[in-house]
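Chains A and B, in that order, are what the protein sequence lines are. Taking this note's numbering, the leading residue of the first sequence gets 1, the next gets one more, and so forth. Taking this note's numbering, the leading residue of the second sequence gets 1001, the next gets one more, and so forth.
The set of hints was computed from the structure by calculation and includes no laboratory data. Because the structure is a prediction, the values reported are computed rather than measured. Please note: incorrect hints may appear among the correct ones.
Said to hold, decoys possible - Between beta-carbon pairs, the in silico distance windows are:
no., chain 1, residue 1, chain 2, residue 2, range
1, A, Ala128, B, Glu1102, 20 to 30 Å
2, B, Glu1102, A, Glu80, 30 to 40 Å
3, B, Gly1231, A, Val298, 36 to 46 Å
4, B, Gln1289, A, Gly267, 23 to 33 Å
5, A, Glu280, B, Gln1289, 27 to 37 Å
6, A, Lys201, B, Pro1095, 52 to 62 Å
Ideal Cβ positions, reconstructed from N, Cα and C, are used throughout, including at glycine.
There are 2 protein chains.
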Amino acid sequence: MTKNLVIGIDLGGTKIYTALASLSGEIIAEVKVPTQSTLGVTGVRQNIIRTVERLTAETGLKGQVRAVGIGIPGPLNVKEGVVYQAPNLGWREVPIRQILEEALKLPVYIENDANLAAIGEHLRGAGAGVKDLIYVAVGTGIGGGLILNGQIYHGAGFGAGELGHMTIEPDGRPCNCGNKGCLETLASGNAMVQKALDLVKNGRGQSFLAAAGGEPQKISSYLIARFAAAGDKEALYVLEAAGTALGIGLANVINLLNPSLIILGGGALKVGRFYWEAMEKEASRRALQAAWRQVRIVPAGLGDRSGLFGAIALACQFETPGVSRQTS
Amino acid sequence: MTKNLVIGIDLGGTKIYTALASLSGEIIAEVKVPTQSTLGVTGVRQNIIRTVERLTAETGLKGQVRAVGIGIPGPLNVKEGVVYQAPNLGWREVPIRQILEEALKLPVYIENDANLAAIGEHLRGAGAGVKDLIYVAVGTGIGGGLILNGQIYHGAGFGAGELGHMTIEPDGRPCNCGNKGCLETLASGNAMVQKALDLVKNGRGQSFLAAAGGEPQKISSYLIARFAAAGDKEALYVLEAAGTALGIGLANVINLLNPSLIILGGGALKVGRFYWEAMEKEASRRALQAAWRQVRIVPAGLGDRSGLFGAIALACQFETPGVSRQTS
Chain A
1 MTKNLVIGID LGGTKIYTAL ASLSGEIIAE VKVPTQSTLG VTGVRQNIIR TVERLTAETG
61 LKGQVRAVGI GIPGPLNVKE GVVYQAPNLG WREVPIRQIL EEALKLPVYI ENDANLAAIG
121 EHLRGAGAGV KDLIYVAVGT GIGGGLILNG QIYHGAGFGA GELGHMTIEP DGRPCNCGNK
181 GCLETLASGN AMVQKALDLV KNGRGQSFLA AAGGEPQKIS SYLIARFAAA GDKEALYVLE
241 AAGTALGIGL ANVINLLNPS LIILGGGALK VGRFYWEAME KEASRRALQA AWRQVRIVPA
301 GLGDRSGLFG AIALACQFET PGVSRQTS
Chain B
1001 MTKNLVIGID LGGTKIYTAL ASLSGEIIAE VKVPTQSTLG VTGVRQNIIR TVERLTAETG
1061 LKGQVRAVGI GIPGPLNVKE GVVYQAPNLG WREVPIRQIL EEALKLPVYI ENDANLAAIG
1121 EHLRGAGAGV KDLIYVAVGT GIGGGLILNG QIYHGAGFGA GELGHMTIEP DGRPCNCGNK
1181 GCLETLASGN AMVQKALDLV KNGRGQSFLA AAGGEPQKIS SYLIARFAAA GDKEALYVLE
1241 AAGTALGIGL ANVINLLNPS LIILGGGALK VGRFYWEAME KEASRRALQA AWRQVRIVPA
1301 GLGDRSGLFG AIALACQFET PGVSRQTS
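Let the hints inform the model, and build the full structure from the sequences given.
Next comes the structure, spelled out in structure tokens:
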């Protein structure tokens, strides 16, 4: 019997998003469950396995599955199938490929989640047919994936694409990575919240502090966005500062890589147009003119499924007859 | 008769460096003449032609030349053979390939000079055998060339590699490109001079000002380097500030591209170890740990001939039987 289905999994810090799909990438069924990262590697492994079993049992297509592709939020070794570190999962040196292959009795392929989102957008999203594109995920943090000459670019150790850790302000806020003034500390969802908390500490931002019930830790980027949309000047300032920082980071990437497309995805983009407009204004100012004329900056075309479609593609690509398992 | 020689030309703002070489890249004869860019396109064209004629006449090998490869200091279109802009030459929209092909009656291939230096180093310099490397030229300005997956990476419009125009200080000194706080304004040879002039303006740097005969415009990066080597604190400060800025820029590139090698070339590196040490210290601090472990930073292996060897390779590569003229 020919096996003609694959499983794609987008493993995030809060949700596991799993789909059963055809070899041409069409989704047949999908399921989303909480990751429950506090349960540790074993617990998350169990949750992953359950999503796969649920999809295959529900559809009665278990015997048809050829391979599994999974996206992980952190640096990893694609070749060895090992996750070096996934802060949002609390993982360190986890041989996830082996763990899942033993449990699922299927070939498993792993890749960084931002890289898979880039692949998903490249294959069937906003970047379809584009040879050189950068996918930027703006969420709690900032990650990225590079498609160069039509292929994902891994770099020397599968670490390429970390534009969230580009220094934007040499003497800026400390970043989790140990550096200071990283793009992530200035332009991410978390950066917006930090900036708002700075205002509150100085007796400003009283409008959104009140809306958060007077509890600073309840201020979210969405709350700030709501106030900005209503014309609150301090909320606007927070979004514009973050958007400006993103614009500097993107201009740096544009000057270095001269891409034809930058695709922005991730939850932090839901804060509305002020963030996007500040980004565009600053990027247009700082990018070299020729490179700026050659690039478009667009939102992700697949919404929150960019990574899922990438994971499906990852599972498919190695299953083409004559193509062996990726080794570089 | 089989034609088995090529001409490589490294066209700079001050010198034209031309070589006659075999198809395996061995230099048979070379010549260096002043560019005389003030003579305009026609004058520079004449000087280029003269270097070619001198080499072929001297060696009696004129009939053996198959093709010419030339590196140009500025953005250009490799495919159309047109230089968009070469500030150091005063060129704008110059169809240099056509101009030289008509004069030399030979196929001519053009490429950005930093890209050719990257290719030269990749083929026979410090980057031999390395798949992913960044070549950075630190001279009056800062340019770069990217070898990714073993090939020069052009980007959407042949503009990739412009890391000199990465923003390092958002509110920093204005750059020729129109942006502020570019790496080039902080870490280049010219940036060192500007920093020294800032000191002089504030009544400091009197030692090197005196050595320049009291004339600020005679302060050069080499003069500063001489004083730094002798222990002058203010000269040291200038070199360390420039090296630190370079370190930030390189860390950004390391985080984004995860290269296995960065090769530094160009005249400004002749200022001595203080600049290099400050660069290394800052880059190690700011790069992500895994990416830092995977990268080496080394000086160019071919000295001032990196670009020349790249130009020779450019002329050779299209002359391999079965390989057609580059179209992308």
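Quick rundown of the hints versus the structure:
1. A:Ala128 / B:Glu1102: 20 to 30 Å: Given about 42 Å between the Cβ atoms, the range is violated.
2. B:Glu1102 / A:Glu80: 30 to 40 Å: 56 Å, violated
3. B:Gly1231 / A:Val298: 36 to 46 Å: This hint is violated: roughly 55 Å between Cβ atoms.
4. B:Gln1289 / A:Gly267: 23 to 33 Å: This hint holds: roughly 27 Å between Cβ atoms.
5. A:Glu280 / B:Gln1289: 27 to 37 Å: 33 Å, holds
6. A:Lys201 / B:Pro1095: 52 to 62 Å: 60 Å, holds
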